[in-house]
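Visitor: Listed below are the residues making up each chain.
There are 2 protein chains.
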Amino acid sequence: MEKIDNNSVGIVTPKFFTFAEPPNEMILDSGQKLGPITLCYETYGQLNKKKNNAILILHALSGSAHVAGYHSPDDENPGWWDVMVGPGKAIDTNKYFVICSNIIGSCYGSTGPSSINPKTGKPYGLDFPVITIHDMVRAQKKLIDHLGISKLVTVIGGSMGGMQALDWCLQFPDVPESAIIIASCAEQSAQEIAFDAVGRNTIINDPDWENGNYYNKNKKLTGLAIARMIAHITYLSEEGMDKKFGRKLQYSKSYSYKIVNTEKDPNRDDFENKFEREFAVESYLAHQGKKFVDRFDANSYLYITKAMDYFDVAEKYGGGSLVKALKKIEAEILLISFTSDWLYSTAQAKEIIEALRINNKDVSYLEIKSQYGHDAFLLEKKSLTENKILSQAIKNFLSHAKIE
Amino acid sequence: MEKIDNNSVGIVTPKFFTFAEPPNEMILDSGQKLGPITLCYETYGQLNKKKNNAILILHALSGSAHVAGYHSPDDENPGWWDVMVGPGKAIDTNKYFVICSNIIGSCYGSTGPSSINPKTGKPYGLDFPVITIHDMVRAQKKLIDHLGISKLVTVIGGSMGGMQALDWCLQFPDVPESAIIIASCAEQSAQEIAFDAVGRNTIINDPDWENGNYYNKNKKLTGLAIARMIAHITYLSEEGMDKKFGRKLQYSKSYSYKIVNTEKDPNRDDFENKFEREFAVESYLAHQGKKFVDRFDANSYLYITKAMDYFDVAEKYGGGSLVKALKKIEAEILLISFTSDWLYSTAQAKEIIEALRINNKDVSYLEIKSQYGHDAFLLEKKSLTENKILSQAIKNFLSHAKIE
Chain A
1 MEKIDNNSVG IVTPKFFTFA EPPNEMILDS GQKLGPITLC YETYGQLNKK KNNAILILHA
61 LSGSAHVAGY HSPDDENPGW WDVMVGPGKA IDTNKYFVIC SNIIGSCYGS TGPSSINPKT
121 GKPYGLDFPV ITIHDMVRAQ KKLIDHLGIS KLVTVIGGSM GGMQALDWCL QFPDVPESAI
181 IIASCAEQSA QEIAFDAVGR NTIINDPDWE NGNYYNKNKK LTGLAIARMI AHITYLSEEG
241 MDKKFGRKLQ YSKSYSYKIV NTEKDPNRDD FENKFEREFA VESYLAHQGK KFVDRFDANS
301 YLYITKAMDY FDVAEKYGGG SLVKALKKIE AEILLISFTS DWLYSTAQAK EIIEALRINN
361 KDVSYLEIKS QYGHDAFLLE KKSLTENKIL SQAIKNFLSH AKIE
Chain B
1 MEKIDNNSVG IVTPKFFTFA EPPNEMILDS GQKLGPITLC YETYGQLNKK KNNAILILHA
61 LSGSAHVAGY HSPDDENPGW WDVMVGPGKA IDTNKYFVIC SNIIGSCYGS TGPSSINPKT
121 GKPYGLDFPV ITIHDMVRAQ KKLIDHLGIS KLVTVIGGSM GGMQALDWCL QFPDVPESAI
181 IIASCAEQSA QEIAFDAVGR NTIINDPDWE NGNYYNKNKK LTGLAIARMI AHITYLSEEG
241 MDKKFGRKLQ YSKSYSYKIV NTEKDPNRDD FENKFEREFA VESYLAHQGK KFVDRFDANS
301 YLYITKAMDY FDVAEKYGGG SLVKALKKIE AEILLISFTS DWLYSTAQAK EIIEALRINN
361 KDVSYLEIKS QYGHDAFLLE KKSLTENKIL SQAIKNFLSH AKIE
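The listed protein sequences derive, respectively, from chains A and B.
Under our numbering, the residue at position 255 of the first sequence is numbered 255, and the numbers go up by one with no gaps.
Under our numbering, the residue at position 138 of the second sequence is numbered 138, and the numbers go up by one with no gaps.
Just to be clear, a hint being listed does not mean it is correct.
Note: identical chains are not told apart, hence a pair may lie in one copy or across any two.
Said to hold, decoys possible - Below are the SDA-like pairs computed for lysine to any residue, each with C-alpha atoms no more than 20 Å apart in a straight line:
| id | residue 1 | residue 2 |
| --- | --- | --- |
| 1 | Lys316 | Leu249 |
| 2 | Lys220 | Pro207 |
| 3 | Lys220 | Trp209 |
| 4 | Lys274 | Trp209 |
| 5 | Lys244 | Trp342 |
| 6 | Lys217 | Lys291 |
| 7 | Lys369 | Lys388 |
| 8 | Lys316 | Ala280 |
| 9 | Lys142 | Leu384 |
| 10 | Lys290 | Pro207 |
| 11 | Lys258 | Lys316 |
| 12 | Lys253 | Asn77 |
| 13 | Lys243 | Trp342 |
| 14 | Lys248 | Ala314 |
| 15 | Lys248 | Gly319 |
| 16 | Lys217 | Thr120 |
| 17 | Lys220 | Glu210 |
| 18 | Lys219 | Pro207 |
| 19 | Lys220 | Asp208 |
| 20 | Lys274 | Asp208 |
If you are wondering where the hints come from, they were derived from the structure by calculation, not from laboratory data.
For reference, chain A alone in the conformation it holds in the complex (with noise of 0.2 Å):
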């Protein structure tokens, strides 16, 4: 356990919440109603007794409940941002109760399509309903309630992250005193829909997704395993690519001059080797693409990619326009874009600040010079200048937080 320093949070152990048990329902933006409803959540750190220490960290596409610490001893990685949130780190939990919620949809322990629907008593699938990053949101909002929390010192994510916190501000403007939104946007562009588009599609021309019915059958779905390597490739930016991977082969010095590489590799699974991997970006995204199957739901990727899809704050808040969406806005925001980040580029960053500049709002604007593309704000290595800056960032806004 030596890990488990002093900078650590520790063991944790998710909790779960449940809610709008039949006929309470919650109502959906697509009119549709879920319940009962599951969020998985964890906390690290204490609530004060004014209940006003509280901050939200909202996960991306991909993520969980599981922000920070280790599940047991024998974890051989810790939370997704472990690096930020700890005693004394940027989130720093000596100071701050901080709460992460899975989000509806996903399949890491709340109410997603892999859950049971009581109705059939076998898991959704399909008949899971279409969510929203709004709903996200107000499934989250009565868990704060739960909590009896009613201001948050602030709401922080990455990129689907970035969109619930900015969504935390226009739905529940009152609760949030501030958001730190990073490498993220305030309406998905059509080329991130177009990769969301071909990802669903990997998946549901996939024989074995089954209409969505594949639970139980053992069944290692390709489709999600290409879908994951395409994004990937979004994940990470051109430079950093040529720098980590360049025209390195995998296996060999020279070219195989195969198609199809019906070569068995003992380190590697039958699935895998249905990938090329002559190249090692090749390989490297075969294995992503693996790596993906064994831990997500592919019809949580629908789901999830779809909210994503849907989401513009415009549209939503602002009959089209941003500068009238972000009106009502109170909280103060902290927004953080990364150079090389070409599916949340600084462009759209600008976007929000400019909408927030022009309805006289408070807001800092950081871009951080990075390689690593939109992988930037999630990389694990404490000594990573992306990691000081963006840390020293957090610390510095977080600083301006008034907990009486």
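Given chain A's structure and the hints, the job is docking chain B onto it.
Guide: Chain B only, in chain A's frame:
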């Protein structure tokens, strides 16, 4: 036939040239033999007596020998670069004898995986040997020899056509007097390989592909359609996509809140209904995917993208150094890139220019401002600024050409 005006080459007929008959097969880079080889080609204009007015056009991944004019009076569309090739056009068929040869590996009349393997009497499928850009050029050289041409005024091509143009200058440095390389590169980057690899994976994981033996089974390969969808995203720019599609919905004014589009559209076939088409950009990609399956061979797609991924001029000719590799170039070079092309970016063009300048070679460079991304070199509308600039640049460059 109103459309066949004075600026059109008119009705053209593809020609065929067969060579490398056993036992004189062509030796490929892989060491394998291929023969007999048929190349489908078209020519426009007249070869002069000195046979020194020939221009060779090299096509891109999914291109064909049909560059200009019409195959019949009923043809709806002319060849793929009709805007550039014809009497009085940038590549003036009143002056030049213009040749375009389909590449080996393709499915447009030349020997490729869909051709009959004389050894089995069945389509080659995956028994087709792996080919390279250098092999494609080597085969074209046989055609040029056959036509009695020993010098080319220029070799010109975009994207993979640019790779071939560059290879012509290195493999046969005394043949082209000049080369025009458009939206191309000296080597595929990790990101380009990655996108190709994902496309190949969607094909080989499609059960209808049947390990390449899908011929004569009346299958519509979804995997190929998805590969094309992915590629299409890389052919457009983010800005161009936003201007063309934005977040427009295709069929309705409000979100469908459906994960899978099960609605039948009477104007579309079952195949297209497999794809999501809620956002206009999704519908566009689905349509592009479908159209591609109707016209292209999945195995050709595998072989040609692999040839592109293997393309690395520094490795092939310079022991890893691009400067060394380009030392043997004798042709005058014009390099052209487009500002919003992120697939074959200006940065990649500049690598070639720098290596040529270090070698004190004759090189001109033009970066054309465009929102159309990689597709910018293939726009069909004559009136577009990009086409006017490209047209004028080619004209000016060719005006240096000495034809005695």
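Visitor: At most 20 Å between alpha carbons: which applies to Lys217 and Lys291, within, between, both or neither?
Guide: within (19 Å within a copy, 35 Å between copies)
Visitor: Is it within, between, both, or neither for Lys243 and Trp342, if the alpha carbons may be no more than 20 Å apart?
Guide: Both. Shortest intra-copy (17 Å) and inter-copy (17 Å) distances satisfy the 20 Å Cα cut-off.
Visitor: If the cutoff is 20 Å on CA atoms, where do Lys274 and Asp208 land: within, between, both or neither? Let me know, please.
Guide: Both, since 15 Å and 15 Å are each at most 20 Å.
Visitor: Between Lys142 and Leu384, at a C-alpha cutoff of 20 Å, which is it: within one copy, between copies, both, or neither?
Guide: neither (37 Å within a copy, 55 Å between copies)
Visitor: Between copies, within a copy, both or neither: which fits Lys290 and Pro207 at Cα up to 20 Å?
Guide: both (17 Å within a copy, 19 Å between copies)
Visitor: When Cα atoms must be at most 20 Å apart, do Lys217 and Thr120 count as within-copy, between-copy, both, or neither?
Guide: within (18 Å within a copy, 40 Å between copies)
Visitor: When Cα atoms must be at most 20 Å apart, do Lys316 and Leu249 count as within-copy, between-copy, both, or neither?
Guide: between (48 Å within a copy, 15 Å between copies)
Visitor: State whether the alpha carbon distance between Lys220 and Trp209 is at most 20 Å within one copy, between copies, both, or neither.
Guide: Both. Shortest intra-copy (9 Å) and inter-copy (19 Å) distances satisfy the 20 Å Cα cut-off.
Visitor: Using 20 Å as the alpha carbon limit, work out where Lys220 and Glu210 are close: within a copy, between copies, both or neither.
Guide: Intra 12 Å, inter 19 Å, cutoff 20 Å: intra and inter.
Visitor: Give the relationship of Lys248 and Gly319 under a CA distance limit of 20 Å: within one copy only, between copies only, both, or neither.
Guide: Classified as between: cross-chain Cα gap 14 Å, same-chain 50 Å, threshold 20 Å.
Visitor: Indicate which option fits the pair Lys253, Asn77 if close means a Cα-Cα distance not exceeding 20 Å: within, between, both or neither.
Guide: The answer is neither: 33 Å in one copy and 46 Å across copies each exceed 20 Å.
Visitor: Is it within, between, both, or neither for Lys258 and Lys316, if the alpha carbons may be no more than 20 Å apart?
Guide: between (51 Å within a copy, 18 Å between copies)
Hint compliance for this structure: hints 9, 12 are broken, all remaining hints hold.
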